[in-house]
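Chain by chain, the residues:
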Amino acid sequence: MNKKGVISRIYPLTKLVVVLIIALTAIIWGDYQFGYFIVVPLLIFLAFLEGKFVSYTKKMIGAMIIMCTFIFIIKGLFDPSDQILWNFAFISVKKAGIESALRLTSIIFALGGSILLFFETTDLEDLMIALQKMGMSHVSTFIFLSTLQMIPQFAQKSKVIMQAQRARGIETEGNILIRIKAFFPTLTPLIISSISDIEDKVVTMEARAFSVEVKKTYMQILDIKLLDYIIIFSSLILFVIFLVWRYLI
Amino acid sequence: MKALEVRNVTYKYPIARTNVLENISFSVNKGEFVAIVGKNGCGKTTLCNILRGFIPSFHQGKFAGTVLINEKNIKQMSMGEIAVAIGFVFQNPFIQVSGIKHSVFNEVAYGLENLGIDREEMIGRTEQILKDLKMNDLRDKHPVELSGGQRQRVALASVLVMDPDILIIDEPTSQLDPQSTEKVFEIIRLLKERNKTIILVEHKIDLISEYADRVILIDDKRIVFDDLTQKVLVNKKVLSYGVNLPQVAKLGIKFEEQTDFRLDYIPSVLTDAINVFKKYV
Amino acid sequence: MMKKLGMVTILLIPICIAINFVGGQIVTVLKLPLYLDVIGTILAAALTGPIGGAIVGLVTNLILGITNPVLIPFALVNVAVGVVAGLAAQRGGFKTIKGTAITSIAIWAIVQITAVPMTVILFGGVAGGGASVITGFFLAAGKGIWEAVFSQSIIVETVDKIISTFIAYFIIKRIGASTLLKFSLGPKYVDEATE
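Chains as they are written, first to last, in numbering that gives the first Met the number 0: chain G, 0 to 248; chain B, 0 to 280; chain X, 0 to 194.
By construction, these hints were calculated from the structure, which means they are not laboratory data.
A virtual CB, placed ideally from N, CA and C, is assigned to each residue, including glycine.
There could be a bad hint or two in this list.
Taking CB as the label site, the calculated pair distances span [unchecked claim]:
id: 1; chain 1: B; residue 1: D139; chain 2: G; residue 2: R8; range: 17 to 23 Å
id: 2; chain 1: G; residue 1: I169; chain 2: B; residue 2: Q127; range: 50 to 56 Å
id: 3; chain 1: G; residue 1: G50; chain 2: B; residue 2: D162; range: 25 to 31 Å
id: 4; chain 1: B; residue 1: Q127; chain 2: G; residue 2: K224; range: 27 to 33 Å
id: 5; chain 1: B; residue 1: G241; chain 2: G; residue 2: E172; range: 47 to 53 Å
id: 6; chain 1: G; residue 1: R8; chain 2: B; residue 2: F25; range: 55 to 61 Å
Next comes chain G alone, as it looks inside the complex (with noise of 0.2 Å):
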């Protein structure tokens, strides 16, 4: 890792546990002047304290605004009911579609928007190592941290192998038939392969004792501190302070 910004050197599971109660509250909230006005806001803020302000902003855009805006249109255009917001020539606008086209897209941004920011903001192998601590099998672990290296090696051997393949006369352009029959030869060859190295994998990890039951240990320093502590107990305080005023005032 470079150097980490403020958020990032907070323990993983503390901002799983923030990022869970603003994702919550969004929803409980359901106004979507909440989500839109303060929850997004929010986010971009700690983003931009994080120093990451521009490739957060382009991440959650990309990741949500076609859904969204296919949302607006769907719910915009065919909401069964009548009051009628805007008319262009033969399109209708309704109010209520759009109204609950702004709420759900408001909590999809809250949601979406959190997981992002903490994706952005966690090493995904200190996030592991805290569940792991937590009781999390090192299985689990494995399979996880071993995933994220497999897909770019896997996506870089298929553009080798769709090269090779086109080098050897096998069409990748065409009707859409060719283009099917292309698929089989460029992802086969990696599967069969992949599986047959599963055995000598085997023998790999039994050789780095990864069956070995016994408490693991892990070269990251991974600690709770103090301000973990803090910011849990504050978030968990203000979130029963809002659970109360929603519901018993």
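Following the hints, complete the assembly by docking chains B and X onto the known chain G.
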């Protein structure tokens, strides 16, 4: 004391028609360096898997016989005990990575994490092994960026850091260039100096003659030679099993065939050769 | 649960998740109107059963969720595919072409059963870009939201899931017998090959 003992081992792979190995028995003393040779497909790798317990625990099939590690039946040993007792390195350098670590240093330490070794000790041992194996230049590299030779050395380091007394090394250099091969053998030389018990499968016969105390030759499911290196690797019969002889041994044999001289003995290493031929100069 | 998985299954899972990812990527490169992003889930299920399939499905969508959190709830669909494919595999559902055809229908059905309600209830009927255009088309034609999403789903998913299941079937046929035997359901496919 015996580090390893194999008694009457016979094995057949699940879908094979015939046995790969039949009635194999031998033992290896502590600190001994034994090379296993034989032509491709003769069952050397299978034997390594038997010695490490992967057969019959992982590969099914028909297995009979007994394997003892440090005079204890391998069947009664846990995965952890075996992992600490025997280090295992095999030929393909590209598979022998955990695939979850981002630096060579962490990769090498992974086995210690799995053994639950204290962080301080873990760092100390990893530092030491990287120093001993002259690999400090690689410590911060991503395992995926390494060449085959570098990966093979990392694989060795990852196993040696766990400090096993016995090492099974199956064709470590078969996919490496001469330079990387030399570096791997430098490590093996170091292990010999440290009095580790070593079982090495290798085709590079000149290197074997230089390092191994003993040679076991397998052919057609059975052990056909099991004796001191300087006795096996000078015997013309070895050639008939598809195994080469060291250059100096061939020189000695040819010399006797083409002259009337009889050598005191056929040399298998260079220093012996010099001694033997000195008197004719 | 994780501790009981055999080492072979543990090592198969990351490969199968990567297959899901790369399958989806190749489709984009080849500009195919398909997803082909559950081949790994189906393959893991066919080789190791419902648990392996479910884990592949779950982790695939969790990792997708790191960059696109909207996809996290759809983990349910991917897990369901793994479970159904795994249950089918335990009953020999990948041994023959006919069995695979039946399995593919079961997988298709579970996708409809899980994905349609999720799309309608959680996302107001919107599922990604291209597919939503189709939903919009049905809505414009006067259909209700459920009917529109269901029709869209049938159009988009049917061919996709059938092809995916058959790709898994053909891949298994190509895996060597000794490797197959290492997987818990592997022996099913080896008997077939030697008969």
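Verification of the supplied hints:
Checked against the given bound of 17 to 23 Å, the beta carbons of D139 (chain B) and R8 (chain G), roughly 22 Å apart, stay inside it. Restraint check, I169 (chain G) to Q127 (chain B): a C-beta distance of roughly 52 Å satisfies the suggested window 50 to 56 Å. Restraint check, G50 (chain G) to D162 (chain B): a C-beta distance of roughly 43 Å breaks the suggested window 25 to 31 Å. Under the hint 27 to 33 Å, the C-beta atoms of Q127 (chain B) and K224 (chain G), about 31 Å apart, fit the expected range.
A beta carbon spacing of about 50 Å between G241 (chain B) and E172 (chain G) agrees with the range 47 to 53 Å that was offered as a hint. Separation of R8 (chain G) from F25 (chain B) is about 57 Å and conforms to the stated range, judged on CB atoms against 55 to 61 Å.
Checked against the numbered hints given earlier, this structure breaks only hint 3.
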